[in-house]
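Asker: What the sequence shown shows, in our numbering, is residues 1 to 98, in sequence order.
No lab work stands behind these hints, which were simulated from the structure alone.
Please note that the accuracy of each hint is not assured.
Unchecked claim - Okay, derived cross-link-like pairs now, DSS-like style, lysine-lysine, Cα gap no bigger than 25 Å in a straight line: (1) Lys-12 x Lys-58; (2) Lys-86 x Lys-15; (3) Lys-35 x Lys-12; (4) Lys-35 x Lys-86; (5) Lys-34 x Lys-12; (6) Lys-58 x Lys-15; (7) Lys-12 x Lys-62; (8) Lys-62 x Lys-84; (9) Lys-15 x Lys-26.
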Amino acid sequence: MLEHIVPEIELKNAKGLSNESVNLLKSRLEELAKKHCGEVMIFELAYHVQSFLSEHNKPPPKSFHEEMLERQAQEEQQRLLEAKRKEEQETNISRPNE
1 MLEHIVPEIE LKNAKGLSNE SVNLLKSRLE ELAKKHCGEV MIFELAYHVQ SFLSEHNKPP
61 PKSFHEEMLE RQAQEEQQRL LEAKRKEEQE TNISRPNE
């Protein structure tokens, strides 16, 4: 027989969630644990965590190096576009109304 004791819920190493989201998840899990007290609840709790994470989890912030590489790639792409436009303008100027 299952005991009618609500388990203590503790969330550790929460990554990709704000402190507010972690606290919200913890309070929802505690409510769910109270609701299912005396029953097998691990699957219910795990499902709730999975659903919550799919809604609230944010990708980790990019490192400074990743941001620098992304910015360099964007700048290079911009330079290529500008060079292509300039080439098209020069072609149009050298061949007016052929």
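Asker: For a C-alpha distance cap of 25 Å, please report whether Lys-35 and Lys-12 respect it.
Answerer: Cα-Cα ~23 Å, so holds.
Asker: Are Lys-35 and Lys-86 close enough, with their CA atoms no more than 25 Å apart?
Answerer: Between Lys-35 and Lys-86 the Cα gap is close to 68 Å, so the pair fails against 25 Å, i.e. violated.
Asker: Compare the distance between the alpha carbons of Lys-62 and Lys-84 with 25 Å, and conclude whether the hinted pair is satisfied.
Answerer: 31 Å, violated
Asker: Check whether the Cα positions of Lys-86 and Lys-15 lie no farther apart than 25 Å.
Answerer: Distance ~46 Å between Lys-86 and Lys-15 Cα, so the pair is violated.
Asker: Is Lys-12 close enough to Lys-62, meaning Cα to Cα at most 25 Å?
Answerer: 22 Å, holds
Asker: Keeping to a limit of 25 Å between CA atoms, is the pair of Lys-12 and Lys-58 held or broken?
Answerer: 17 Å, holds
Asker: For the pair supplied as a hint, Lys-34 and Lys-12, confirm whether the alpha-carbon distance does not exceed 25 Å.
Answerer: 21 Å, holds
Asker: Are the Cα positions of Lys-15 and Lys-26 separated by 25 Å at most?
Answerer: 14 Å, holds
Asker: Do the alpha carbons of Lys-58 and Lys-15 lie within 25 Å of each other, as the hint requires?
Answerer: 8 Å, holds
Of the numbered hints listed earlier, those contradicted by the structure are 2, 4, 8.
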